[in-house]
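Engineer: Next come the chains, spelled out residue by residue.
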Amino acid sequence: MRKARAIALISGGLDSTLALALMQRLGAEIKAVNFYTGFCVTETQRRKGGRPDGTVPQNEALRAAADLEVDIEYVDVSGRAYLDMLVHPRYGYGKNANPCVDCRIFMMRKAREIMEREGADLVFTGEVLGQRPKSQRRDTLWVIERESGLQGRLLRPLSARLLPPTRAEQEGLVDRERLLDISGRSRLRQMALAREWGVTGWPQPAGGCCYLTDESFGRKFFDLLGGREALGRERRLEQEDVVLLSTGRHFRLSARAKLIVGRTEVENALLERHVEGRARLAARDVNGPVALVEGEPTWEERVLAARIVARYGQGRAAPAVAVEWREGELVECYEVPPEADEARIEAMRI
Amino acid sequence: MQAAPSALPAPDRVLDTSGTLCPWPIVETARAVKAMADGAVLLVVATDAGIATDMPMWCKATRHEHLATWRDGPAWKSLVRKRARRP
Chain A
1 MRKARAIALI
11 SGGLDSTLAL
21 ALMQRLGAEI
31 KAVNFYTGFC
41 VTETQRRKGG
51 RPDGTVPQNE
61 ALRAAADLEV
71 DIEYVDVSGR
81 AYLDMLVHPR
91 YGYGKNANPC
101 VDCRIFMMRK
111 AREIMEREGA
121 DLVFTGEVLG
131 QRPKSQRRDT
141 LWVIERESGL
151 QGRLLRPLSA
161 RLLPPTRAEQ
171 EGLVDRERLL
181 DISGRSRLRQ
191 MALAREWGVT
201 GWPQPAGGCC
211 YLTDESFGRK
221 FFDLLGGREA
231 LGRERRLEQE
241 DVVLLSTGRH
251 FRLSARAKLI
261 VGRTEVENAL
271 LERHVEGRAR
281 LAARDVNGPV
291 ALVEGEPTWE
301 ERVLAARIVA
311 RYGQGRAAPA
321 VAVEWREGEL
331 VECYEVPPEA
341 DEARIEAMRI
Chain B
1 MQAAPSALPA
11 PDRVLDTSGT
21 LCPWPIVETA
31 RAVKAMADGA
41 VLLVVATDAG
51 IATDMPMWCK
61 ATRHEHLATW
71 RDGPAWKSLV
81 RKRARRP
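The listed protein sequences correspond, in order, to chains A and B.
Quick note: the first sequence uses the numbering used here, first residue 1, plus one each step.
Quick note: the second sequence uses the numbering used here, first residue 1, plus one each step.
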């Protein structure tokens, strides 16, 4: 019997690494794929110079592939079609801005293309039945398989014996008896297997690398779309929005105006790259953050934005700070007292 | 990662990924290596410090030979030798 040829979708987390290790032990020829969505927390932290504690997270998918010596390919899915799916998910959102079922379908369709291109027999993932409340229920696992066009070709090695056999199992390319029957949210069995198989280095805590599942990010995500609608614009997400949503402090000045204030030098530099189409604010004579205003602020909201920018700079204790407002060719300077009303600031924070 | 190497092969091709961030230096490296002949050496220039950990891992995963990665002023440089795929 020839070896099964498989496409592995890996994040580098415990489950996908174990699935990879299991299929390797079953003798499959594997090509690993990692999808770039633009919403990975780890990647964003790396881009900003590391975690708040100074450590720099490693690329977990790459680490897992390296540890198991499996060829890996990165696939960019962060374009227009992915962004539109996020805004109009057919199967709705999870707890926050995470349309996990639609996202999985999107990725599995890409995986099917890769499977066909590579002449592989199947796609496999680290999904575990019942582990996630929405995307890993029995019914949604089936929806994902059907909607991606991978019927009978999508194997979940960690839960396979609890699911109908795939074509590769029926044809004897994969030994169903050696697949697993893990279900539920506990990871005790996975951790025991990792010890047994010498799988180490997986990130702690497991999972949770996607900004879309983050409550704070979710608030900003829906606020952005609501703000676009308030301005009479299309409910639509752009690639630079993805960068800005994970950068800085966000304040809703009004339905028609929003302020983003950099928190670090790296964030200030990042905001500088997205000035076009927005107003740029910064204290003129003292060090402080770079800030951007989006939308159509009133005069009062411009002054309010300047006061908030002054509050986060070195002039926060001064009676007044000169804050420069640059918008295209327009340059104005507002002499404002730093905003001292913390409750007011918090009420505007998104 | 190591200090600037003194006795390494001259590259057959140079790939400048400056300005791109994780995972693009590796994505571009993979594309470049794919188009090269077995045994050819690629010099990758990057400004993303992540290449110092990513390149050795990528080479281990894909079985290409990681010759060196070192810092050169504001940039990082990596030398990779293409190895034929296992049958």
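Treat the hints as calculated values from the structure; they're not laboratory data.
Every residue, glycine too, gets a C-beta built ideally from N, C-alpha and C.
Some clues are possibly wrong.
Every beta carbon over 10 Å from chain B, so not counted as near; a handful from chain A, in silico [what the hints assert, rightly or not]:
1) Asn34
2) Tyr74
3) Arg109
4) Gly232
5) Arg249
In silico BS3-like pairs for lysine-lysine, Cα to Cα no more than 30 Å straight-line [said to hold, decoys possible]:
6) A:Lys3 x A:Lys95
7) A:Lys95 x B:Lys34
8) A:Lys134 x B:Lys34
9) A:Lys110 x A:Lys31
10) A:Lys48 x A:Lys3
11) A:Lys3 x A:Lys31
12) A:Lys134 x A:Lys31
13) A:Lys95 x A:Lys48
14) A:Lys110 x A:Lys95
15) A:Lys3 x A:Lys134
16) A:Lys110 x B:Lys34
17) B:Lys60 x A:Lys134
18) A:Lys110 x A:Lys134
19) B:Lys34 x B:Lys60
20) A:Lys95 x B:Lys60
21) B:Lys60 x A:Lys48
22) B:Lys34 x A:Lys3
Engineer: Next, verify each hint and record whether it holds.
Structural biologist: Here is how each hint holds up against the structure:
no.: 1; hint: Asn34; verdict: violated, 8 Å
no.: 2; hint: Tyr74; verdict: violated, 5 Å
no.: 3; hint: Arg109; verdict: holds, 20 Å
no.: 4; hint: Gly232; verdict: holds, 34 Å
no.: 5; hint: Arg249; verdict: holds, 22 Å
no.: 6; hint: A:Lys3 x A:Lys95; verdict: violated, 41 Å
no.: 7; hint: A:Lys95 x B:Lys34; verdict: violated, 42 Å
no.: 8; hint: A:Lys134 x B:Lys34; verdict: violated, 39 Å
no.: 9; hint: A:Lys110 x A:Lys31; verdict: holds, 14 Å
no.: 10; hint: A:Lys48 x A:Lys3; verdict: violated, 43 Å
no.: 11; hint: A:Lys3 x A:Lys31; verdict: holds, 13 Å
no.: 12; hint: A:Lys134 x A:Lys31; verdict: holds, 28 Å
no.: 13; hint: A:Lys95 x A:Lys48; verdict: holds, 27 Å
no.: 14; hint: A:Lys110 x A:Lys95; verdict: holds, 25 Å
no.: 15; hint: A:Lys3 x A:Lys134; verdict: violated, 34 Å
no.: 16; hint: A:Lys110 x B:Lys34; verdict: holds, 21 Å
no.: 17; hint: B:Lys60 x A:Lys134; verdict: violated, 36 Å
no.: 18; hint: A:Lys110 x A:Lys134; verdict: holds, 21 Å
no.: 19; hint: B:Lys34 x B:Lys60; verdict: holds, 16 Å
no.: 20; hint: A:Lys95 x B:Lys60; verdict: violated, 38 Å
no.: 21; hint: B:Lys60 x A:Lys48; verdict: holds, 26 Å
no.: 22; hint: B:Lys34 x A:Lys3; verdict: holds, 24 Å
The structure shown violates the earlier hints numbered 1, 2, 6, 7, 8, 10, 15, 17 and 20.
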